[in-house]
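Asks: The residues making up each chain are set out below.
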Amino acid sequence: MVHGEAWTIKDLFVLPNEYVYWSIQIVLYPYMTGLVAGAFVLSSLYHVFGVEKLKEIARFALVFSFALLPVAMMPLMLHLQQPLRGIHVMMTPHFTSAISAFGIVFLTYGCIVASEIWFVYRKFIVESIERLEKKQRRGIESLMLMIYKVISLGARDISPEALEADHKAIKFLAGLGIPVACFLHGYAGFIFGSVKANALWMTPLMPVIFIMSAVVSGIALCILCYAIFMWLRRWALKRGKTFFIPEQVAGTMEISDAQLRDVQTYETRMTSKYLLIFMTLAITLELLDIIFRGYTAVKSWDILRQVIYEHDFVKIFILQYGIGNALPFLMLLLPGLTTRRACLASILVLFGVLMMRWNVVIGGQAFSLSFAGFMHYQLPIIPYSLETFKEGLGGALMVAVTPFVIFYFLNMIFPAFYSEEEAH
Amino acid sequence: MKRRDFLKNTAVFITGASVSLSALELVDPKEVLASRPDLRWGFLVDTYKCVGCGMCVKACKLENDIPYDANVTRTWVERYVIMKSGEVVKDSPKGARDGFTSKLVDQGESGPRLLRDKEIAQGFFVPKLCNHCTLPACVQVCPVGATYSTADGVVLVDRKWCIGCGYCIMGCPYGVRFFHPVVHTADKCTFCYHRITKGGNTACAQACPFGARRIGNLRDPNDPVAKEVLNGRVGILRDEYGTKPNVYYIGLNKEVH
Ligand code: SF4
Ligand code: SF4
Chain A
1 MVHGEAWTIK DLFVLPNEYV YWSIQIVLYP YMTGLVAGAF VLSSLYHVFG
51 VEKLKEIARF ALVFSFALLP VAMMPLMLHL QQPLRGIHVM MTPHFTSAIS
101 AFGIVFLTYG CIVASEIWFV YRKFIVESIE RLEKKQRRGI ESLMLMIYKV
151 ISLGARDISP EALEADHKAI KFLAGLGIPV ACFLHGYAGF IFGSVKANAL
201 WMTPLMPVIF IMSAVVSGIA LCILCYAIFM WLRRWALKRG KTFFIPEQVA
251 GTMEISDAQL RDVQTYETRM TSKYLLIFMT LAITLELLDI IFRGYTAVKS
301 WDILRQVIYE HDFVKIFILQ YGIGNALPFL MLLLPGLTTR RACLASILVL
351 FGVLMMRWNV VIGGQAFSLS FAGFMHYQLP IIPYSLETFK EGLGGALMVA
401 VTPFVIFYFL NMIFPAFYSE EEAH
Chain B
1 MKRRDFLKNT AVFITGASVS LSALELVDPK EVLASRPDLR WGFLVDTYKC
51 VGCGMCVKAC KLENDIPYDA NVTRTWVERY VIMKSGEVVK DSPKGARDGF
101 TSKLVDQGES GPRLLRDKEI AQGFFVPKLC NHCTLPACVQ VCPVGATYST
151 ADGVVLVDRK WCIGCGYCIM GCPYGVRFFH PVVHTADKCT FCYHRITKGG
201 NTACAQACPF GARRIGNLRD PNDPVAKEVL NGRVGILRDE YGTKPNVYYI
251 GLNKEVH
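Keeping their order, the protein sequence lines are chains A and B. Residue 1 is where the first sequence starts when you use this note's numbering, and the numbers rise one by one after that. Residue 1 is where the second sequence starts when you use this note's numbering, and the numbers rise one by one after that.
In case anyone wonders, no lab produced these hints; they're calculated from the structure. Remember, predicted model here, so these are calculated numbers, not experimental data. Treat the hints with caution; some may be incorrect.
Pairs of lysine to any residue residues, derived as SDA-like cross-links and limited to a Cα-Cα distance of at most 20 Å, are as follows [as the list claims (entries may be wrong)]:
1) A:K196 with B:R238
2) B:K254 with A:K315
3) B:K254 with A:L80
4) A:K135 with A:W118
5) B:K94 with A:I9
6) A:K196 with B:Y148
7) B:K254 with A:V298
8) B:K160 with A:K196
9) B:K58 with A:M1
10) A:K315 with A:S370
11) B:K160 with A:Q82
12) B:K103 with A:D11
13) B:K94 with A:S370
14) A:K299 with B:G175
15) B:K94 with A:M1
16) B:K94 with A:M146
17) B:K160 with A:H376
18) B:K84 with A:M1
19) A:K196 with B:K244
20) B:K94 with A:P83
21) A:K299 with B:Y148
22) A:K299 with B:K160
23) B:K160 with A:G364
24) B:K94 with A:E5
25) A:K196 with B:K84
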């Protein structure tokens, strides 16, 4: 069977070679990179602009962003027909291609996040080494000690001057990270925006739209996950369990349930405010795009209008704008915001952004280059071949779950909830 | 390309240090072709002559190892039926591999549609293939340079280097590209490069019983195709994308794009 045939249904006049070639993985690709970029921007709000109120969640967002990072690669690899050759992108980068810059931007960004985390946690790492060296070690602790020793890179100086230098470095890296994160995602939008053969994607607004919705989704995910992990911590605290909270394994943190709850509510409220700001920008830009297309109505508008107002009406106006944008917007706006409501709103926002990616990627391929036919995409749910697994529900779930697994392990080394007096 | 050649050269050099130096000299295709700046392949399609028999599609599939029953094809023929009401109905079932033998027009999911003879204003056939653009969108977007233009104006895909990202497929405004169902890399018409560089004709042009398809050298003023392209009234498809195609059409209607 030809690639794409398994999930494409053709209607009216579609060219013989046309299929929905970019399927769910390419929907997830900008979604995942968006989450990475968004989480990082959130953490930088505190580090760069000194938004003190976001202190707690900023550290979490940073570690989480790092956990998400490798996952941004995954969908790209999964959808390649020749995944083993992925490295060719680095060996013969072809700079007229938007994708080819990906490796470079991605690596740069990865380095920035990694070094920022390193500076943020340097004091903790050194202290952990000292603490573990002193005590009687049990199994896992020896391993931890070894890991800490390696990642400390031998920099064991935690004098006030050294720490001061760390702060400067963090601020610089966070500042540098913002444009790079935006670039990382802006150019994910550029990949689409520069496909001149596609009438829906072909707009210079695409990168900006992508950046804004990226920040929105990243913040929403942070709010949600922060709440979930806080809830887990409280649950574990009450029962004296420690496997969710390595900082307690390390014995560096004593905190009561009530304190935790306070912190959680406060951080969620503060973050929601920023979420609202970015949501307004994102929605405005997207609506502007549609209105502009309708107003200027070039040749392709005929078929675009059919896709937007007929074929994808439910997906665009009900699911994306209605349930994914308007509803959570109202929920966040109403006074007396509780954590629960903020979480619910965040889930809707995340869903809305996913739908936006879906409508751009799949919707962009919904009409034929002949401008006379349509293609419907049916997500393969039950896989009967590697291809239908990779580009079906299974592959999508795999991508969605991975960051949490990574975060779980990363959290053991860099406890995201660890806090101390001069935490950053 | 250069970088890859460099890597290749280096690898060859290191492993083959004991081989005599002359054996190491790699032939640079660009250099060979630069010695023939008088060559530029162009293709001419005469829509007045095409009857939609599908011989070209069949011949192409067989010549170029595109699985016969796979629903992709390097070249295809479109049928246009223009109704008196102004409505344009088009189809190309299986790329017209088996020719148009029925009055039923294939409308995909919506099912076949029967058009009444007396409502039809005109009908014609338009063969399509890769346009071997002078400014190819596919070459521009390929992240690894697996798609490239040769100096004599043919756009080719390096099957050993293509990573199968599908960017070129999305980038081509003509929808001529697809993934080869067997080798799983991007594929498309090559103007039968393996034949024309040896002085042969393309499989489709050879198979066409009516001479609707012809290939020629646009730089040779005595070439019949070049003469027609330079002096006749010919059109190209989707000029607005700025890809500057090298496939020219005689008798192009505004309904075709
Ligand atoms: S027609 Fe498409 S595949 Fe052929 S050269 Fe032009 S852009 Fe590339
Ligand atoms: S599918 Fe192959 S030829 Fe096409 S852009 Fe990707 S790497 Fe290049």
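Asks: Would you mind marking each hint as holding or not holding in the structure?
Replies: Here is what the structure says about each hint:
As the CA atoms of A:K196 and B:R238 are separated by approximately 12 Å, the hinted pair is consistent with the 20 Å bound. Of the supplied pair hints, the one linking B:K254 and A:K315 is violated, its CA atoms being roughly 34 Å apart against a limit of 20 Å. For a cut-off of 20 Å, the pair hint linking B:K254 to A:L80 is broken: about 38 Å separates their Cα positions. Proximity of A:K135 to A:W118 is assessed by CA-CA distance (about 24 Å); at most 20 Å being required, the pair is judged violated.
Our distance criterion of 20 Å between C-alpha atoms is met by B:K94 and A:I9, whose separation comes to about 14 Å. A distance of roughly 18 Å separates the Cα atoms of A:K196 and B:Y148; the hinted pair therefore holds under the 20 Å criterion. For the hint linking B:K254 to A:V298, the alpha-carbon distance of about 17 Å falls within 20 Å, and the restraint holds. In summary, the hint linking B:K160 to A:K196 is not supported, as the alpha carbons are separated by about 27 Å, beyond the 20 Å threshold.
At most 20 Å may separate the alpha-carbon atoms for a hinted pair to count; B:K58 and A:M1 meet this at roughly 19 Å. Proximity of A:K315 to A:S370 is assessed by CA-CA distance (about 23 Å); at most 20 Å being required, the pair is judged violated. With a C-alpha separation of about 10 Å, the suggested pair B:K160 and A:Q82 falls inside the 20 Å cut-off, and the hint holds. With a C-alpha separation of about 19 Å, the suggested pair B:K103 and A:D11 falls inside the 20 Å cut-off, and the hint holds.
At most 20 Å may separate the alpha-carbon atoms for a hinted pair to count; B:K94 and A:S370 meet this at roughly 16 Å. Annotation: proposed proximity of A:K299 to B:G175 holds, straight-line Cα distance about 18 Å (limit 20 Å). With a C-alpha separation of about 14 Å, the suggested pairing of B:K94 with A:M1 holds against the 20 Å cut-off. Proposed proximity of B:K94 and A:M146 is contradicted: the alpha carbons are some 63 Å apart, above 20 Å.
Our distance criterion of 20 Å between C-alpha atoms is broken by B:K160 and A:H376, whose separation comes to about 32 Å. Distance check on the hinted pair: B:K84 and A:M1 sit about 39 Å apart at the alpha-carbon level, beyond 20 Å; violated. Distance hint between A:K196 and B:K244 is fulfilled; the C-alpha atoms sit about 14 Å from each other, no more than 20 Å. Distance hint between B:K94 and A:P83 is unfulfilled; the C-alpha atoms sit about 29 Å from each other, more than 20 Å.
This hinted pair does not check out: A:K299 and B:Y148 have alpha carbons roughly 31 Å apart, beyond 20 Å. In summary, the hint linking A:K299 to B:K160 is not supported, as the alpha carbons are separated by about 39 Å, beyond the 20 Å threshold. Proposed proximity of B:K160 and A:G364 is contradicted: the alpha carbons are some 30 Å apart, above 20 Å. In summary, the hint linking B:K94 to A:E5 is supported, as the alpha carbons are separated by about 13 Å, within the 20 Å threshold.
Among the hinted pairs, A:K196 with B:K84 is inconsistent with the structure: their alpha-carbon atoms are about 34 Å apart, more than 20 Å.
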